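Colleague: The chain contents come next:
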Amino acid sequence: MPPTPPPASRSHRRGSVERAQGRIGLAFVTPYALFLLAFGLLPTLYAIYLAFTKKGAFVGFANFLKVFKDYRFLPAVEHVGIFLVVWLVALVLLVVVLAIMVHSIGMRWLSGTMRFVYYIPGALAGASSVMLWLFVLDPTVSPVAFLLEAMGFDSLVSVVQADRLPFVLAIIAFWTGAGGWIVVMYGALNNIPREVLEAARVDGAGPIRTAWSIQIPLMRKWIAYMVVLSFAGGTQLFVEPRVLAQASRGVVSQDYSLNQLAFLYAFKQSDFNGSAAISLVLLAVALVLSIVFVFKGGLFERA
Amino acid sequence: MKRVHLTLALAALLTTTPVLAEDGTLTVWADATRQPAVEAFIAAHPEIKVNLVVDDGSSGASGTFQTKISLADQAGEGWPDVVFSTQNNDAAWASKETNGVQPFAQVLNEGFLDAEFLKGFTPGALDPVTVDGKVYGLRNDLAPVLFWYNKTLLAEFGYDAPTTWEDYQALGDKLAAEHPGYFLGAIGDSFEGPYVYYWSGEAPIFQVEGETFKSDTAHPNSKKVSDLIDHMVANKTLTLDSLFGASFVANASKLVAIPGAAWYAGALFQNPGNVNAKAGDWVAAPPLTWKDGAKVTGNVGGGVWYASSHTANPEGVKTFLKFIVSDTKIAGTGGLPAYQSAADAWLDGQAKSGFFAGDFKGAISTAAASVWSGWGYPNFSPETAWAKVITPGLAAGKTMTELSADWQQEMKNEAQVVGYTVE
Numbered sequence: 001m002p003p004t005p006p007p008a009s010r011s012h013r014r015g016s017v018e019r020a021q022g023r024i025g026l027a028f029v030t031p032y033a034l035f036l037l038a039f040g041l042l043p044t045l046y047a048i049y050l051a052f053t054k055k056g057a058f059v060g061f062a063n064f065l066k067v068f069k070d071y072r073f074l075p076a077v078e079h080v081g082i083f084l085v086v087w088l089v090a091l092v093l094l095v096v097v098l099a100i101m102v103h104s105i106g107m108r109w110l111s112g113t114m115r116f117v118y119y120i121p122g123a124l125a126g127a128s129s130v131m132l133w134l135f136v137l138d139p140t141v142s143p144v145a146f147l148l149e150a151m152g153f154d155s156l157v158s159v160v161q162a163d164r165l166p167f168v169l170a171i172i173a174f175w176t177g178a179g180g181w182i183v184v185m186y187g188a189l190n191n192i193p194r195e196v197l198e199a200a201r202v203d204g205a206g207p208i209r210t211a212w213s214i215q216i217p218l219m220r221k222w223i224a225y226m227v228v229l230s231f232a233g234g235t236q237l238f239v240e241p242r243v244l245a246q247a248s249r250g251v252v253s254q255d256y257s258l259n260q261l262a263f264l265y266a267f268k269q270s271d272f273n274g275s276a277a278i279s280l281v282l283l284a285v286a287l288v289l290s291i292v293f294v295f296k297g298g299l300f301e302r303a
Numbered sequence: 001m002k003r004v005h006l007t008l009a010l011a012a013l014l015t016t017t018p019v020l021a022e023d024g025t026l027t028v029w030a031d032a033t034r035q036p037a038v039e040a041f042i043a044a045h046p047e048i049k050v051n052l053v054v055d056d057g058s059s060g061a062s063g064t065f066q067t068k069i070s071l072a073d074q075a076g077e078g079w080p081d082v083v084f085s086t087q088n089n090d091a092a093w094a095s096k097e098t099n100g101v102q103p104f105a106q107v108l109n110e111g112f113l114d115a116e117f118l119k120g121f122t123p124g125a126l127d128p129v130t131v132d133g134k135v136y137g138l139r140n141d142l143a144p145v146l147f148w149y150n151k152t153l154l155a156e157f158g159y160d161a162p163t164t165w166e167d168y169q170a171l172g173d174k175l176a177a178e179h180p181g182y183f184l185g186a187i188g189d190s191f192e193g194p195y196v197y198y199w200s201g202e203a204p205i206f207q208v209e210g211e212t213f214k215s216d217t218a219h220p221n222s223k224k225v226s227d228l229i230d231h232m233v234a235n236k237t238l239t240l241d242s243l244f245g246a247s248f249v250a251n252a253s254k255l256v257a258i259p260g261a262a263w264y265a266g267a268l269f270q271n272p273g274n275v276n277a278k279a280g281d282w283v284a285a286p287p288l289t290w291k292d293g294a295k296v297t298g299n300v301g302g303g304v305w306y307a308s309s310h311t312a313n314p315e316g317v318k319t320f321l322k323f324i325v326s327d328t329k330i331a332g333t334g335g336l337p338a339y340q341s342a343a344d345a346w347l348d349g350q351a352k353s354g355f356f357a358g359d360f361k362g363a364i365s366t367a368a369a370s371v372w373s374g375w376g377y378p379n380f381s382p383e384t385a386w387a388k389v390i391t392p393g394l395a396a397g398k399t400m401t402e403l404s405a406d407w408q409q410e411m412k413n414e415a416q417v418v419g420y421t422v423e
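So the sequences go chain by chain: A and B. Just so you know, we're using the working numbering here: the first sequence kicks off at 1 and counts up by one. Just so you know, we're using the working numbering here: the second sequence kicks off at 1 and counts up by one.
Keep in mind the hints are simulated off the structure, nothing from the lab. Computed from a prediction, not measured in an experiment: that's the story for all the values here. A few of these clues could be false.
What the hints assert, rightly or not - Partial pick of chain A residues on the chain B-facing surface, computed with a CB cut under 10 Å:
#1 D138
#2 T140
#3 N190
#4 S270
Note that the Cβ used here is the ideal one computed from N, Cα and C, for glycine as well.
Build out the structure end to end from the sequences listed, making use of the hints.
Modeller: Take a look at the structure:
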């Protein structure tokens with residue numbers, strides 16, 4: 001039996017490793033924390049100040065009431081709400097299904113290529129991907145004009161009609177964002193121990209049963225993470241309808257989304273207080289729903 | 001807030017493109033159509049450095065001008081020296097202080113530009129940019145609506161050119177029956193409906209009295225225009241395409257006539273990328289009028305140049321403004337210059353070139369002198385409401401008659417939001 005080192009020394013060594021890790025962790029976190037403070041927390045505090053004041057004087061909820069009574073507010077809430085439902089449902093379903101499918105492909109090169117292809121659109125910035133979609137969606141120049149015409153659309157105006165727009169925006173957002181999430185989910189699937197999947201197979205579970213009973217429950221955290229981030233991003237819908245507004249000569253209105261309304265308040269009506277009120281409403285909604293998903297998804301539980 | 005922050009940051013970057021007051025560089029915001037004119041200035045005045053920032057000229061009431069100025073006001077820096085806008089209602093906000101920042105637009109009379117120079121504008125040209133006797137901008141061009149027709153096609157079909165809106169509608173019926181596919185105009189952009197059709201019909205759609213905004217789409221004048229549009233959209237002699245879209249250009253050889261602004265001359269007929277007319281085919285005729293109405297017409301924009309009240313180089317700005325509105329070669333940028341001497345030169349040049357058949361100069365002068373004065377210039381545009389309500393509505397097969405109440409409501413809502421009392 002080899003001599004065991006005295007416990008004191010072992011705990012001492014572990015302590016120093018932990019301390020070193022802690023120092024490196026701190027070094028990694030500090031720049032982020034500074035940026036968060038400068039570009040996240042301070043602007044938020046400023047927005048809170050603006051939202052409850054007018055010309056520097058405290059006015060309670062007056063700015064909020066003004067915004068809620070604005071004839072553009074409810075339609076904007078509705079637009080963003082429908083978009084979020086369409087997009088988030090499609091995102092969760094398709095990303096999970098696609099990730100599991102790609103993961104089950106045995107051939108390494110094929111699976112790698114698929115992941116790469118899914119990821120490519122994510123490399124384009126929001127505005128430029130909208131530009132690309134403008135060409136796809138305009139029947140007069142679209143490479144898939146025959147598809148659009150088969151669906152009865154003969155002009156860009158008819159494609160971006162208000163009742164279809166949430167779907168159009170969801171397709172654009174899915175196309176840009178889903179690839180990255182598929183790669184993340186793929187990583188999550190790789191984390192599931194081989195033995196667990198083997199045991200399932202031995203017990204007679206097919207691919208669907210395995211996905212439903214093993215893989216998806218073990219991916220819960222990641223799915224919650226995706227929903228939280230996507231929800232926060234989705235409520236801030238701005239670039240896509242803004243570019244579409246310009247390109248469709250105003251058919252997609254300039255007040256389509258809540259963030260656009262906030263933009264109009266600030267820069268068309270010079271009412272930064274009303275603008276801040278809208279931002280705070282968005283923040284509050286995103287915060288509440290994020291908290292729900294964080295706890296439901298067990299995001300902060302240790303594995 | 002990632003996205004909006006990114007956008008704001010980009011917008012900030014755009015607006016703060018070097019305003020190098022120290023070396024007197026003039027920062028000019030203008031649209032692509034104005035670019036050749038600005039370049040002509042740079043060539044003519046090498047002693048003044050110009051930094052041209054090309055934007056959309058706020059076309060379609062996109063609000064680019066106002067949003068970027070608001071951003072500069074908030075930042076306390078980054079104002080341009082000269083701005084071009086295709087809209088002629090910007091004086092409504094640019095003449096006012098916002099959140100304690102001085103009005104953006106420089107008052108151009110009262111000493112900034114000499115009275116003698118300002119007298120050179122066509123009478124009435126500066127009315128849309130004059131608030132309480134102060135002139136806040138210089139019109140680039142006048143844009144009265146006249147009637148353009150292709151006399152070769154009309155002769156071929158054996159039709160007479162209409163002179164009234166009633167005849168125009170009747171011509172549409174004949175064309176639709178005998179030569180389907182040929183057409184008489186477009187309402188696919190947000191400007192044709194309000195400015196060409198309703199304005200010409202003396203429709204009280206867009207009026208301002210003091211701080212009160214009025215709109216009445218149920219007025220008999222408004223209704224007759226709505227009926228005309230519905231009738232001609234139904235028989236397809238009015239297209240729902242945009243004048244600048246691919247499908248309008250593809251069908252341009254079937255355009256028989258079109259009521260439209262003076263600037264259609266350069267933007268459509270003499271533009272190789274648009275109608276690209278053959279010399280001698282098209283006639284610029286006096287505006288169409290209603291049989292029971294006054295002999296008046298509409299007006300489609302006619303851009304405006306603004307000087308910044310923040311400029312560090314007022315002398316450079318003065319030189320620039322004088323050149324850009326009155327130089328006989330470039331003033332008007334393809335349309336009818338607002339400056340009388342440049343307008344005369346342009347009209348004579350057009351008449352001499354013989355590109356347009358008929359009495360070009362007479363038609364344009366008649367139109368310019370008969371713009372209906374009942375249209376208002378508040379701090380918003382009828383175009384955004386048109387684009388939001390009417391364009392998609394017509395595309396979905398609805399009629400003006402069905403949509404006009406919603407349009408009126410949308411304009412009134414917009415008026416209320418920017419602070420007008422609504423009647």
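Colleague: Does each hint hold? Answer for all of them.
Modeller: Tested hints:
no.: 1; hint: D138; result: 8 Å, holds
no.: 2; hint: T140; result: 4 Å, holds
no.: 3; hint: N190; result: 28 Å, violated
no.: 4; hint: S270; result: 4 Å, holds
In this structure, only the earlier hint numbered 3 is contradicted, and the remaining ones agree with it.
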